[in-house]
Amino acid sequence: MSDAAFLSLEKLTLAYGDTVAVKDLDLSIRKGELVAFLGPSGCGKTTTMRSIAGLLTPASGAIRLDGADITRVSANKRSVGLVFQSYALFPHLTVFENVAFGLRLKKLPATEIESKVTAGLKSVGLSKFSARKPGELSGGQQQRVALARSMVMEPKVLLLDEPLSNLDARLRLEMRTELQRVQKETGVTMIFVTHDQGEALSLADRIVVMLNGAIEQIGTPEDIYNRPISRFVADFVGFENIFAVEGGKLAVGNGPIDLSGSLPPDTAGLAWRPRMVTLGSGPFQGTVRGASFSGSTREYLLDTPLGAIKAEEDAALAARETGSTIAFDLPVDKAARLKKFG
Amino acid sequence: MTPRVFSPLVLFLVIGFLIGPFFIIVAASLSGGETLAFPPQGFSLKWVAKVFTVESFRESFAISMLLAIGGTAAALVLGVPASYALSRYKLPFGETIRTIVSLPIIVPGIIVGLALLRYIVVPFGFNITLTLFLAHTALVLPYAVRVVSASLNNLRSDIEEAAVLLGSSRAGAFFRVVMPNIRSGILAAFILGFVTSFNQVPVSLFLSGPGVRTLPIDMLSYMEITYDPSVAALSALLAFMSIGIVFLAERFLGFSRYV
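Read top to bottom, the protein sequences are chains Y and B. Anchor point for the first sequence: position 258 equals 257 in this note's numbering, and the numbering is continuous, going up by one each time. Throughout, this note's numbering is defined as the position within the second sequence, counted from one, plus 3.
In isolation and in its complexed conformation, chain Y is listed as follows (with noise of 0.2 Å):
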């Protein structure tokens, strides 16, 4: 992995008519990164996906890859593969057939297709199928057949539209190991657009969050999950209990509280997960309204000037009634530190 930008995003800005869909988006990918872009529906992701692929031109900006500059240059010649959400594949083609499509546009020898053809199909596990026809193959089996076809074109960067979102629970985990299996085995530099954060986390090398057309934060899986930045980042990754900090004190409804322990002037906000909020002692009360458990812990709804509080224990510990006072703090050391808290 070199440290270049094997694919690099320059103020992109897209639009579809007068709707600006992303605005002036810098992004960078090294060679051979597996990318995962993360938000939810409406945030751009999958329109910053398709302008990489050349299916959008872009309003202003520039797309470079590899060194040159394809922002203009047309979807057909841009080397770049597509696993669609749909997997669009050719209804009327053999499984062999829709994955020698682009092998025989590139009017290659037809021992040559049928060997890429057959490794392709292999490495998928689909040989035994390549007679049939795509809609006689399961959901599963049909984006490996996407998969092989955008594979055996050797793309220089493979994007995936929700490669996993379509896929029952068993099928999911099965095509995740073989995105990462390909992935090493070739080194393609790969993108994929997903919904889900339990996707991105587990598959891709870096996550770019987006949110409203704009990249709201870029980072290793463990600085999202641990590290978000931002209130939507915090709250997407499962932060649960999210306060503004205004002055180095927490802005709430009753008046601004003080914080043990000093925090960065750029301090936005802090943000606890459940399990981060300490229960019995501290310097707030709050009173029960509702448990939950979930095996190995109970979750715990609580009443408190701050708001309202969720807070998690280890079901091994004693319940604690309904209706109870109990005390309890949010540690500062311990909060995600949001520098943005839009």
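Keep in mind the hints are simulated off the structure, nothing from the lab. Mixed in with the good hints there might be a few duds.
As the list claims (entries may be wrong) - Just some of the chain B residues that point at chain Y, by a computed CB distance under 7 Å:
| # | residue |
| --- | --- |
| 1 | Gly170 |
| 2 | Ala174 |
| 3 | Asn184 |
Claimed, not checked - Label pairs and their computed distance ranges (CB to CB):
| # | chain 1 | residue 1 | chain 2 | residue 2 | range |
| --- | --- | --- | --- | --- | --- |
| 4 | B | Lys93 | Y | Ala3 | 56 to 64 Å |
| 5 | Y | Lys106 | B | Leu117 | 50 to 58 Å |
| 6 | B | Phe255 | Y | Asn211 | 47 to 55 Å |
| 7 | B | Phe243 | Y | Asn165 | 46 to 54 Å |
| 8 | B | Leu94 | Y | Gly31 | 15 to 23 Å |
| 9 | B | Arg121 | Y | Ala58 | 50 to 58 Å |
Just so you know, these numbers come straight off a predicted model, no measurement behind them. C-beta: ideal position from N, C-alpha, C; glycine also.
Fit chain B to the given chain Y structure using the hints.
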């Protein structure tokens, strides 16, 4: 009558009404008598044989075939790209265009025929065969657009993008992955258009002139002069031809899915 007796009776009457005339025509055409009559008098194949000897039938059959095949082909050449544009792009006035394209179905043929005669053929001295060809093309176009649109709507549009990303041009993607997948829709539209054009009477009635007649019009005028069973024989032959075409279409294409 109870519904249990009533429903099968209605069904029987409806079916009898629909296909009864066909059996009467077939029976009449096998008659040994000299005039068109039912029940037939005796049995003979002479009227069936006579159909092939009447010169005007041969000529008008050729014209009808030319119009049905040529007009339908022309309607498809216009209709397939039109359907594609209407189903894939958000066109300004798309719905209006769709409605205009369907107009020839809605407007009575007799009006279309009269209008073409009064405002095209007479003032401009337009060639009759060409006008008939244009009229048949226009009459078949709505069927072409409707049937092909139905096929296109069942086809995902992302396969075209997939083809482009695999190195195909946009036009190449249309011919490589769209056309093969709407092929049966196009064939279904062709058959429907062929039958519609071939059986067309009102428009052709106004536009037929000396020397240029479609087969149905020729049969009408033949009957005015000669009342022999050869018209029945011809009708039966045409009905068998249509049945044959539809049977083959159903067999190979699953025609009933499209109509």
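Quick rundown of the hints versus the structure:
1. Gly170: holds, 4 Å
2. Ala174: Since chain Y brings no Cβ nearer than about 11 Å to Ala174/B, farther than 7 Å, the hint is violated.
3. Asn184: holds, 5 Å
4. Lys93/B - Ala3/Y: 56 to 64 Å: Since the Cβ atoms of Lys93/B and Ala3/Y sit about 41 Å apart, the hinted range of 56 to 64 Å is violated.
5. Lys106/Y - Leu117/B: 50 to 58 Å: At roughly 57 Å between Cβ atoms, Leu117/B and Lys106/Y fall inside 50 to 58 Å, so the hint holds.
6. Phe255/B - Asn211/Y: 47 to 55 Å: With a Cβ separation near 53 Å, Phe255/B and Asn211/Y satisfy 47 to 55 Å, so the hint holds.
7. Phe243/B - Asn165/Y: 46 to 54 Å: holds, 50 Å
8. Leu94/B - Gly31/Y: 15 to 23 Å: violated, 44 Å
9. Arg121/B - Ala58/Y: 50 to 58 Å: holds, 53 Å
Consistency with the previously given hints fails for numbers 2, 4, 8, ordered from lowest to highest.
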